[in-house]
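Colleague: Chains as they are written, first to last, in the numbering used here: chain A, 4 to 327; chain B, 4 to 327.
It is worth saying that the hints were derived from the structure and are not from the lab.
Watch out, some of these pointers could steer you wrong.
Copies of the same chain look alike in the list, so a pair counts if it works inside one copy or between any two.
[Said to hold, decoys possible] With a straight-line cut-off of 27 Å between C-alpha atoms, the simulated DSS-like cross-links for lysine-lysine are:
{"#": "1", "residue 1": "Lys313", "residue 2": "Lys216"}
{"#": "2", "residue 1": "Lys73", "residue 2": "Lys273"}
{"#": "3", "residue 1": "Lys37", "residue 2": "Lys311"}
{"#": "4", "residue 1": "Lys37", "residue 2": "Lys246"}
{"#": "5", "residue 1": "Lys297", "residue 2": "Lys245"}
{"#": "6", "residue 1": "Lys73", "residue 2": "Lys311"}
{"#": "7", "residue 1": "Lys313", "residue 2": "Lys236"}
{"#": "8", "residue 1": "Lys275", "residue 2": "Lys236"}
{"#": "9", "residue 1": "Lys37", "residue 2": "Lys243"}
For clarity, every value in this text was computed on a predicted model and none was experimentally measured.
Spelled out from the first residue to the last, the chains are:
Number of protein chains: 2
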Amino acid sequence: MELVEKMLAGEQGALARLITMVEREDPEVADIMKATHPRAGRAYCIGVTGPPGAGKSTVADKLTALIRAKGLTVGIIACDPTSPFSGGAVLGDRIRMQQHYLDSGVFIRSMATRGSMGGLPKVAQRIVKLLDAFGKDVILVETVGVGQTELDIMEAADTVVVVLVPEGGDAVQALKAGLLEIADILVVNKADREGAERFASELVAMLDLSSEKPNWQPPVLLTQAHTNTGIDKLYEAIEKHKKVLQETGQLLDRRRRRRRNELLHTVEEKLKARLEELVEKDGMLGTVVEEVEKGDRDPYSSAMEILKNKALINRWLSAIGEGN
Amino acid sequence: MELVEKMLAGEQGALARLITMVEREDPEVADIMKATHPRAGRAYCIGVTGPPGAGKSTVADKLTALIRAKGLTVGIIACDPTSPFSGGAVLGDRIRMQQHYLDSGVFIRSMATRGSMGGLPKVAQRIVKLLDAFGKDVILVETVGVGQTELDIMEAADTVVVVLVPEGGDAVQALKAGLLEIADILVVNKADREGAERFASELVAMLDLSSEKPNWQPPVLLTQAHTNTGIDKLYEAIEKHKKVLQETGQLLDRRRRRRRNELLHTVEEKLKARLEELVEKDGMLGTVVEEVEKGDRDPYSSAMEILKNKALINRWLSAIGEGN
Numbered sequence: 004m005e006l007v008e009k010m011l012a013g014e015q016g017a018l019a020r021l022i023t024m025v026e027r028e029d030p031e032v033a034d035i036m037k038a039t040h041p042r043a044g045r046a047y048c049i050g051v052t053g054p055p056g057a058g059k060s061t062v063a064d065k066l067t068a069l070i071r072a073k074g075l076t077v078g079i080i081a082c083d084p085t086s087p088f089s090g091g092a093v094l095g096d097r098i099r100m101q102q103h104y105l106d107s108g109v110f111i112r113s114m115a116t117r118g119s120m121g122g123l124p125k126v127a128q129r130i131v132k133l134l135d136a137f138g139k140d141v142i143l144v145e146t147v148g149v150g151q152t153e154l155d156i157m158e159a160a161d162t163v164v165v166v167l168v169p170e171g172g173d174a175v176q177a178l179k180a181g182l183l184e185i186a187d188i189l190v191v192n193k194a195d196r197e198g199a200e201r202f203a204s205e206l207v208a209m210l211d212l213s214s215e216k217p218n219w220q221p222p223v224l225l226t227q228a229h230t231n232t233g234i235d236k237l238y239e240a241i242e243k244h245k246k247v248l249q250e251t252g253q254l255l256d257r258r259r260r261r262r263r264n265e266l267l268h269t270v271e272e273k274l275k276a277r278l279e280e281l282v283e284k285d286g287m288l289g290t291v292v293e294e295v296e297k298g299d300r301d302p303y304s305s306a307m308e309i310l311k312n313k314a315l316i317n318r319w320l321s322a323i324g325e326g327n
Numbered sequence: 004m005e006l007v008e009k010m011l012a013g014e015q016g017a018l019a020r021l022i023t024m025v026e027r028e029d030p031e032v033a034d035i036m037k038a039t040h041p042r043a044g045r046a047y048c049i050g051v052t053g054p055p056g057a058g059k060s061t062v063a064d065k066l067t068a069l070i071r072a073k074g075l076t077v078g079i080i081a082c083d084p085t086s087p088f089s090g091g092a093v094l095g096d097r098i099r100m101q102q103h104y105l106d107s108g109v110f111i112r113s114m115a116t117r118g119s120m121g122g123l124p125k126v127a128q129r130i131v132k133l134l135d136a137f138g139k140d141v142i143l144v145e146t147v148g149v150g151q152t153e154l155d156i157m158e159a160a161d162t163v164v165v166v167l168v169p170e171g172g173d174a175v176q177a178l179k180a181g182l183l184e185i186a187d188i189l190v191v192n193k194a195d196r197e198g199a200e201r202f203a204s205e206l207v208a209m210l211d212l213s214s215e216k217p218n219w220q221p222p223v224l225l226t227q228a229h230t231n232t233g234i235d236k237l238y239e240a241i242e243k244h245k246k247v248l249q250e251t252g253q254l255l256d257r258r259r260r261r262r263r264n265e266l267l268h269t270v271e272e273k274l275k276a277r278l279e280e281l282v283e284k285d286g287m288l289g290t291v292v293e294e295v296e297k298g299d300r301d302p303y304s305s306a307m308e309i310l311k312n313k314a315l316i317n318r319w320l321s322a323i324g325e326g327n
């Protein structure tokens with residue numbers, strides 16, 4: 004594909020267009036992913052998540068500046084509707100971000116998260132791969148950690164940084180939202196606020212009890228991102244985590260598992276999309292669905308019957324791959 | 004099935020055993036759902052959700068007492084790990100709950116939510132149907148609204164009650180967690196606390212802007228559940244919502260859509276479970292998965308190839324329905 008060749012040659016415009024095709028689930032996605040695959044696998048992916056208002060974007064912003072100062076290139080995927088990266092922030096934040104928009108070593112892409120539930124983690128993962136193949140050294144993925152979808156996106160990350168604030172409620176709340184489980188590094192931002200130290204201690208105590216990461220005890224760091232305080236320590240912690248993952252073979256394991264999940268989830272996703280289509284078009288399936296809707300048949304045993312109907316399954320599968 | 008007959012004849016023990024079979028995805032689930040189906044469809048299902056600590060369980064507790072006082076029977080499904088219904092609460096709460104445990108007109112079932120991500124909403128929905136077929140007039144489903152799974156469970160409800168507290172953060176936070184979108188009725192509990200009125204006004208303003216429910220503007224009610232204040236008004240609002248749903252035909256529409264989703268999601272769920280199994284057992288699929296894991300092939304185009312492999316698909320489907 005010409006567009007892929009241009010992208011691999013370093014054209015940002017080609018990269019942006021390929022990302023759009025991936026987002027729209029263009030029929031050519033399989034070809035795009037196949038052609039870019041041999042060039043991917045070098046980048047390190049950092050996930051940044053946490054509740055709204057924790058200052059994730061400022062952390063990501065300062066981290067980007069620090070990584071750039073080390074001479075590395077950065078790709079940013081912002082799935083956070085409140086992030087200045089994705090355009091949803093106050094004017095001050097946006098002006099601050101312009102330094103990165105003007106830097107050709109930084110490529111920023113925002114993704115809409117509202118309304119697009121299921122497929123988003125897979126699409127985000129594919130975009131990470133494109134940025135990787137494009138040659139970015141570090142990829143930052145930013146999400147608001149309030150839903151399962153947003154947590155699932157973090158699957159793409161090698162190191163997950165969870166940003167919390169003291170007034171964001173107690174540590175138990177963060178645990179319940181699933182944030183502590185996925186954190187490789189915890190950041191208590193706005194650490195000048197009251198209760199920051201105590202909150203950090205609570206988190207440490209909680210992690211002592213609950214963390215099950217092999218060879219790694221997630222550290223709890225204090226930052227004040229807006230004054231750039233603690234960002235260097237955060238980057239050191241990320242580097243340290245990366246080293247542990249590399250030395251213990253966990254990085255390879257994580258990536259193997261990720262590729263496996265990507266394969267199986269794509270199969271499931273395609274089957275699902277096609278099933279929805281078929282309900283509209285296939286007479287036999289349409290009839291079953293109608294009877295179930297009316298309440299004349301029960302959904303569960305009808306589902307099992309559909310799965311045993313070979314002719315229907317053949318029709319279901321025959322159109323997958325042609326078109327999409 | 005003998006067990007189904009016993010359950011339909013009113014034996015609580017038989018109901019409990021059938022629920023366990025549904026939870027464990029027993030091979031007989033299809034038969035159970037088919038046999039109980041003709042008796043279901045009478046019950047009204049109320050969902051109660053909200054962040055941890057909002058007092059959902061106390062609201063559900065008082066609501067149960069009020070519904071019982073009207074001579075109606077109640078089935079409770081507690082998917083909330085902090086709920087006294089599910090055993091995860093302080094001693095005082097549990098003692099308070101005992102009145103319901105000793106009342107044969109109330110059937111309480113708790114479900115573990117930790118660790119069982121994907122399938123939970125479907126299993127909860129099936130249990131709602133069993134309680135319905137058993138003859139319960141009202142079914143209360145309680146979850147902690149922090150994840151997509153918990154929100155998905157609310158799909159089973161005819162009326163969704165979202166319980167918030169003034170100090171639970173601002174209205175924007177509730178909106179972001181997806182709670183305002185699913186609420187048919189909003190409850191500001193612990194209304195004696197500071198800021199309750201202001202918080203309620205914020206919610207009203209937010210709902211004016213964002214709510215899109217046809218023929219229904221979700222009301223915001225103030226309660227102090229522990230002193231039983233406002234629970235009667237809550238019940239009135241539920242009744243009013245039910246009446247609107249019935250008169251506008253929306254209740255039928257909701258239930259039709261629910262049955263349709265139940266059918267399609269069950270098909271997807273079974274295909275998925277079987278795919279995971281097949282990866283272990285099928286040589287051809289195992290090889291593809293291995294190559295993808297190693298990074299020799301890209302996941303996306305490999306997924307498309309799997310979907311075009313008819314022989315593999317036949318092996319995939321042939322075992323569904325036998326056994327599970």
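Colleague: Work down the list of hints and note, for each, if the structure agrees.
Modeller: Hint check results:
Taking CA atoms no more than 27 Å apart as the test, Lys313 paired with Lys216 passes in neither setting, with 44 Å inside one copy and 41 Å between copies. When the C-alpha separation of Lys73 and Lys273 is checked against a cutoff of 27 Å, the pair qualifies neither within a copy, at 41 Å, nor between copies, at 49 Å. Taking the shortest alpha-carbon separations for Lys37 and Lys311, only the inter-copy value of 16 Å comes in at or below 27 Å, while the best intra-copy value is 33 Å. With identical chains, the CA atoms of Lys37 and Lys246 are never at most 27 Å apart, being 29 Å at best within one copy and 55 Å at best between copies.
When the C-alpha separation of Lys297 and Lys245 is checked against a cutoff of 27 Å, the pair qualifies only between copies, where the shortest distance is 20 Å, while the shortest distance within a copy is 55 Å. For the identical chains of this complex, Lys73 and Lys311 are neighbours neither inside a copy (58 Å) nor across copies (46 Å), given an alpha-carbon limit of 27 Å. With identical chains, the CA atoms of Lys313 and Lys236 are never at most 27 Å apart, being 59 Å at best within one copy and 54 Å at best between copies. In the homo-oligomer, the alpha carbons of Lys275 and Lys236 never lie at most 27 Å apart, since the shortest distance is 44 Å inside one protomer and 42 Å across protomers.
When the C-alpha separation of Lys37 and Lys243 is checked against a cutoff of 27 Å, the pair qualifies neither within a copy, at 32 Å, nor between copies, at 56 Å.
Violated hints, listed in ascending order, are 1, 2, 4, 6, 7, 8 and 9; each of the other numbered hints is respected by the structure.
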